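The task is simple: from the sequences and hints, build the whole structure.
Protein chains: 2
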Amino acid sequence: MKGEDDVNTAMKDEEADGSGEKLLGFNSTEEQASGPGGQDSMWRNERYESVPLDVKGIDEDNSKGTRDSLNPQTGSALRKPRQSDERPKDSNLWPYFQDGLRRIDYVLTYHVQKPHSARKKKSRSCCLRGRNRTSSPAHEDPELAAQEQRLDYHEDDLRLRRDEFEENLREMGLEMEKEEGTKIPGVGFVKIHAPWEVLCREAEFMKLKMPTIKKYEVSHGSGIAEKVNMFIQKVTAPLQPKVVDSRTENEKHLSYPFSREKRHLFDLSDRNSFFNSKTRSSIVYEILKRTKCTRAKYIMGISSLLGSGVYTEAYPLHDGDIDGVHAETNDRKILYEEWASYSIFYKYQPIGLVRKYFGEKVGLYFAWLGVYTQMLIPAAVVGVIVFLYGCATVDDNIPSMEICDERNNITMCPMCDRACSYWKLVTACGTARASHLFDNAATVFFAIFMALWATMFMEHWKRRQMRLNYIWDMTGFEDTEVSHSHPRAEYEFHVMKKSLKKEKSPKTGNVKLTCTDRMPAYMTIIVMMIFLIFVTLAIVFGVVLYRVSIMTALHMSSTPTFRTNIRATVKTTGAVINLIIIIIMDEVYGAIARWLTIMEVPKTDKSFEERLIFKTFILKFANAFTPIVYLAFFRGRLIGRPGKYIYVLGSYRMEECAHAGCLMELCIQLCITMLGKQLIQNNLFEIGVPKLKKLLRQRKIDKKHQEELNKTLHRHEKDHFLGPFVGLNPEYMEMIIQFGMVTLFVASFPLAPLFALLNNIIEIRLDAKKFVTELRRPIAVRAKDIGIWYTLLRGLSKVAVIVNAFVISFTSDFIPRLVYQYMYSPDGTLHGFVNHTLAYFNVSHFQPGTEPLEPLHLGYRVDVCRYKDYRDPPWSDTPYEFSREFWAILAARFAFVIVFQNVVMLMSDFVDWLIPDIPKDISVQIHKERNLIVELFMKEERGKKYRNTIGDPSPQPLRSRPSSQA
Amino acid sequence: MKGEDDVNTAMKDEEADGSGEKLLGFNSTEEQASGPGGQDSMWRNERYESVPLDVKGIDEDNSKGTRDSLNPQTGSALRKPRQSDERPKDSNLWPYFQDGLRRIDYVLTYHVQKPHSARKKKSRSCCLRGRNRTSSPAHEDPELAAQEQRLDYHEDDLRLRRDEFEENLREMGLEMEKEEGTKIPGVGFVKIHAPWEVLCREAEFMKLKMPTIKKYEVSHGSGIAEKVNMFIQKVTAPLQPKVVDSRTENEKHLSYPFSREKRHLFDLSDRNSFFNSKTRSSIVYEILKRTKCTRAKYIMGISSLLGSGVYTEAYPLHDGDIDGVHAETNDRKILYEEWASYSIFYKYQPIGLVRKYFGEKVGLYFAWLGVYTQMLIPAAVVGVIVFLYGCATVDDNIPSMEICDERNNITMCPMCDRACSYWKLVTACGTARASHLFDNAATVFFAIFMALWATMFMEHWKRRQMRLNYIWDMTGFEDTEVSHSHPRAEYEFHVMKKSLKKEKSPKTGNVKLTCTDRMPAYMTIIVMMIFLIFVTLAIVFGVVLYRVSIMTALHMSSTPTFRTNIRATVKTTGAVINLIIIIIMDEVYGAIARWLTIMEVPKTDKSFEERLIFKTFILKFANAFTPIVYLAFFRGRLIGRPGKYIYVLGSYRMEECAHAGCLMELCIQLCITMLGKQLIQNNLFEIGVPKLKKLLRQRKIDKKHQEELNKTLHRHEKDHFLGPFVGLNPEYMEMIIQFGMVTLFVASFPLAPLFALLNNIIEIRLDAKKFVTELRRPIAVRAKDIGIWYTLLRGLSKVAVIVNAFVISFTSDFIPRLVYQYMYSPDGTLHGFVNHTLAYFNVSHFQPGTEPLEPLHLGYRVDVCRYKDYRDPPWSDTPYEFSREFWAILAARFAFVIVFQNVVMLMSDFVDWLIPDIPKDISVQIHKERNLIVELFMKEERGKKYRNTIGDPSPQPLRSRPSSQA
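Protein sequences, first through last, are from chains A and B. Under the working numbering, the letters of the first sequence match residues 6 to 971, in that order. Under the working numbering, the letters of the second sequence match residues 6 to 971, in that order.
Calculated directly from the structure, the hints in this document are not laboratory data. Quantities reported herein were computed from a predicted structural model and do not represent experimental measurements. Hints may contain errors.
Copies of the same chain look alike in the list, so a pair counts if it works inside one copy or between any two.
As the list claims (entries may be wrong) - Derived pair list, reagent style BS3-like, types lysine-lysine, alpha-carbon separation capped at 25 Å:
id	residue 1	residue 2
1	K212	K267
2	K944	K297
3	K789	K467
4	K257	K267
5	K506	K682
6	K352	K467
7	K775	K698
Dropping the structure here:
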């Protein structure tokens, strides 16, 4: 669909332009002439060079003669650095141009015509001129020929656009080198280098903060604070990664937005290292985004060109190899050794280096993941303690003792119609004891603890983020950059279509997509989202039905072994089915969300991302939590009472909970979901699939030469085989769902933080490995915060409060126990609680046909059986009505929710208010830095004045000062 | 205390410095020589002048000869502008130096020695040298002499510090003129002028955004949006103030941080108007704050000097007179006519002009007040509608009909012990009908509406703030300026004291106040705050006791007229007493909060302000709302039941509510508090007190010459008589308390928004009048938002949700009615509701001695009386226990609170999320501006390159471009 549209557009463009080729003075024939002969050999377009002629000459030698002997000694031996800001390199495998001088800061790739079509290219010029001829002489089948011709047109158009774009780039000052089909057939590379002047100019525009030569002392607090700091550093020393770090340094370079007018402030002695590779590539990317390609109306920047297939890929290069013969020390290698390894899972991450290599956005993700994992440690410890407390007190628990006491001969009403018979409460002993592990007094404490923990985590992260912002010189950086607001290629395409339609209308104002244009998409999205939510609910209901029907069927069967294992079987299969469905639907929903967002045609990349995240979040969240919510709040609520059960689908009674509440089952479900989801998703999707993809990519090349090839591949070719960087959103999403598991139902499953912790320790290294070894280097994006994810986390931790309040008051037996103890108990203890929770039922009141088939199963005649509910006994004025106790307990439950919610919210807000967002020392440092800058400029002012007065033209001797101070 | 310490310090300083006078080369003797002769005449320190000599000569002429003939024609006729950036003025009354050229940007005043001490100054030099002599020859009493001598020392020290400070200021480039005791005896003025170079330099440091010459079109939306906009503008045209405004203009100047290196971007043709008077004064203030006075250690900036009495006042000048002969058109006059007038209360405020004249912070306050008042209009309308709905449905209300129905012969239990007798429910008919006005179904709707209204208001304000930020070029301005972090004078003083104490200790690091130092103050504050909260509670309890005891006493009295008016009397007096106490305690608490904050010695002005606001807010809020909270939630709850009442202080039964709930009384209390507080505070404190103060200030001068004097007074002298600007906090605080009244208990008093609206319409003009006519011009402070007040508003609107939930569910009868209707009513209507709410009491169960003295008051014997509660009847198994209905209704009440709170919070969050914080058009404009700036610089870059290439040294002809575009 879309591809065809593109072709049509391109053709229309050509018609509109007349012959764009001629207008641009495009010397394609020359290129084509050398094409067929050198389709497998390297050829370079002379126009992409702007180095001095002598260098170029050497280059040509190099490309002609020494192509096969690509040993590290070539090049550097032949020439010496001519330009002060360029440095020769002793390896062609390094990311440098053919001259070995200019660093490759960015690589664009495009699709090169296959030899098949290259052959036809010879007749391209005639085709272009004789467009109306139905067939070209070389082919018989006119239809095929027309199609091929159209493809040719398309190819030509792409080429023209590329050429124009590259021309514009060169006008911006970038230098380029082109390479087609050297080792990887069908792929052309455009290697881009940004010279020093361009870097300076763009750094000034981007207001990049760079370290100045002015140093100042970083105070680590005074007196005790310093000592504590020192002690902590000493203790954690073995946990620190072996990376040169500024943590221990006492001096920091004052940073200031780079400006050429203030260049005396900066240490520009080493121009190669002043801007590191990350900064260089992001500068180039900035230019690429901004540069217009006017051939296609409304289209601007590299993202549009990527979108319309003019270029296939665009990526910056990794710094070097991880291993192998050519691997010398580089940041990537250090990261590989000191970060992306499971063996050092206990160490801190070298966040500074991660940021230096991948940019702030990726750095913030890993810093966040680190903080989250770190914060999970206390949560996991407390969770384990709460669990152990449950284990320790299981024998002192009066309700379960009463249930297990054989002397309390309590006869319970049958669990199902007809097939089941009466049963003794003592058989539920095991479940009751197990329930106590998760449903005890410590659970309430733990829920409050976890709510505060979530707030603390948020606060801690805010502070950490602020600290990182300060260390990374991001203070004062405004996130709403121009770059974010570039329209996406799809949006522009739609706008173009619309403007073409509207050609007749007199208005010439800038066309944009209005609400009316988007209404169909919006409607589809709303309908689709509602439908998907219903699908999720239906799936849960389906699983419930499965359980109910299987349960009934098993009850019916007369095999005794079946009947004893009924509950366990049903629970386990149900949970596993749930898990499988969740994992499958997770992927499905992710794809649907993407599809819906594409249909919506958001204007900018930022809004695309936000809308996608929003949709994905809703769907995945509903998917993961609906079964759990059902289990926690709906199961066992709507079952009716003996003699008046509620039936679904004719004859299925709704699921009951075990005697000791549904908490136990909720717990099992949570456990299976968390463990299963993490294990399967980690192993299958995060390790398995990328490996498979990489294999597939490399399959395309000749398998035999692969090994040798690997050794001689250039950096940009190696990186070409790596997976593209698809953003951090899937990583964040996974973590958010996990955070939901940890906080939302933590009252029912105190081990959740432990599971999450274990998962995350692996997750960090897994992601690190992926970033360092499996993926192309991402473009360094500056960011001050984790954006929408923080909002989601905050929202989740708010929802968690109310959910936990409901879990404690409604799912657990905490409130009934409390009410019994303080309102009804004769002696203030829980003795008699079990009896109090059980209502009486006169067996003569069974609806006809639902009585048990074997009333004498227990060996004696039953007149009155018991069931778990607060209802009046059969002999009262209002038999089977909800009793006064029911209402009192309900009131207590609601009151608890209100108190819990508001107290915890208040405490959270208090903690939030108590902990300043900016760490004290950082705010002091920032203040100090500001003062220093003002001082610096005041001195400069005075210097100027002085110079003006005495007429001294020499620059202010600023650079000598720091050394005298140091 | 503190004064003495200062003297001591100063003396110590002198000892340490040896003779500071000599070191500084201070030619005081010369000054003193001219002192006695011209103590009443104007004398100027020659050193304060840095104008060219010829100008100075004329000045001297002027000061000597034409002092008494200060007519407007002097000066300008004599001289012509010599400096391009100075402009002659035809009035000496205008804020210019004596030369009539240089504008006074700031004025410092100080205390001048009285003639009495001036006499002694002649012997000052000998005193200084012969300090150890016990008496000076001129005086007999040695003690008095010593004291006077010490005073002299102090005066001298102040003078020395002033001189040093002014010397430093001159070094910073400021120009000064001194004037002592011309018309106002005892006051010396230092008039400060900032020359062009200083203004430019500081504007660059402060990163002031100034309009460039580059204009761009402001799009008002396309198509329909534009038309709607035009229509709205047309309709609201008569509401617009007659002020030249940029609202209607279609072009805006691109703003860019001022920089001398980019001076070609700005239109510097008129140097006088490029920086307006507000900007000039704030620039001077910035320098004043930064400039050090090293004579006193640790002391920095003007605030310290003001704190230690070196200067008495520091203020910028108003632009001109409001009326009178010399009044020509100036911003102040326009503001007076088009803003600070009650007659134009219906118009919009000229916020742009307010900001231009008073700065962003004041502008934001009035903008906020305007938005708040505007938003109150719909709230007031809906509130009135809700009230009218209550009025209209009062006759259809079944419960009040039942109460008023004579046929329902319900006998109620006595209202008090012994003195009261049984009464008939029908007598409560009036109250029941009145209650319905405020307690009906619409109330719930209104509470939800107001919760959403509060969110909308917040959102609307955020957007308005963003819009103002954009219009005022505050985008990109960072609030955490260096200036905020200057330590306060008191703090420095404390630190100095501490460092003096610690002299022996070896540490030389920067001393600061640690937690240990502050512990006593913190403890005092905590204790004091708790004590004050208890005082507030005690006051409320006292009023309750007053009501109870008066009620009992009145019941006891046998005069029948008394007894009929009992309730009305008690209610009214109670509410009035409450009101008076609230108003008195408001002032007391304000003073205490200030005292506590001073004791705390916060480091910076910002933290001082925050801490003060925090304390004041807590105290004033508790003061205003404790009586209301008592009435809403506690009154009538803890009364016990007939036969088992709860007694306080021996024999007083707790207050009961009227039959129809306490809502009515809550309503009366709110009404009286709101009206009374606003009327009294507005009239007395905001109009009366400032007028009185002004009178007192002017009293000090000779009354006879006052009128003539007024005409000849210079600008800085006139402004001296105005009240000092004390900050916006009291204004904000008043509004916040009002906002609390409007939102917190709005469920019980739907007319609150109307009252608030009426008050605010007056408040705006009142405050405007105060700012324009009564107060000195405040220093223009840049601000992006209203700071802590927004947080408080947000907090209040959150608390409002839960408070309203409780008011509806517990104070009103809404939930019992609902529960009755859907659970207990036989026919689904409210028929029988009154009977359902009344429990039965067997009169034989009265505690001995509490039976009514006149059991036959109603004319028949009563066996069973009724009381309002849900309890089991005497004949049940559990007599007088809470019944099943009680628990069911309690559960329903709690459930309602949960649902209401969470639904409203969710809706609020949804509204919050739905409405973008940045208005669409503003974000488009900001984006456009950014693009334009990048474009501008790219063009400049290319221009530079071009120039470099062809060697053209002329600057880029940027300034001509806009004119060709325009």
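Now the hints, each set against the structure:
1. K212 - K267: both (12 Å within a copy, 16 Å between copies)
2. K944 - K297: The answer is between: 15 Å across copies meets 25 Å, while 43 Å in one copy does not.
3. K789 - K467: Classified as both; 11 Å inside a copy, 22 Å across copies.
4. K257 - K267: within (19 Å within a copy, 30 Å between copies)
5. K506 - K682: neither (49 Å within a copy, 65 Å between copies)
6. K352 - K467: within (22 Å within a copy, 44 Å between copies)
7. K775 - K698: within (13 Å within a copy, 74 Å between copies)
Of the numbered hints listed earlier, the single one contradicted by the structure is hint 5.
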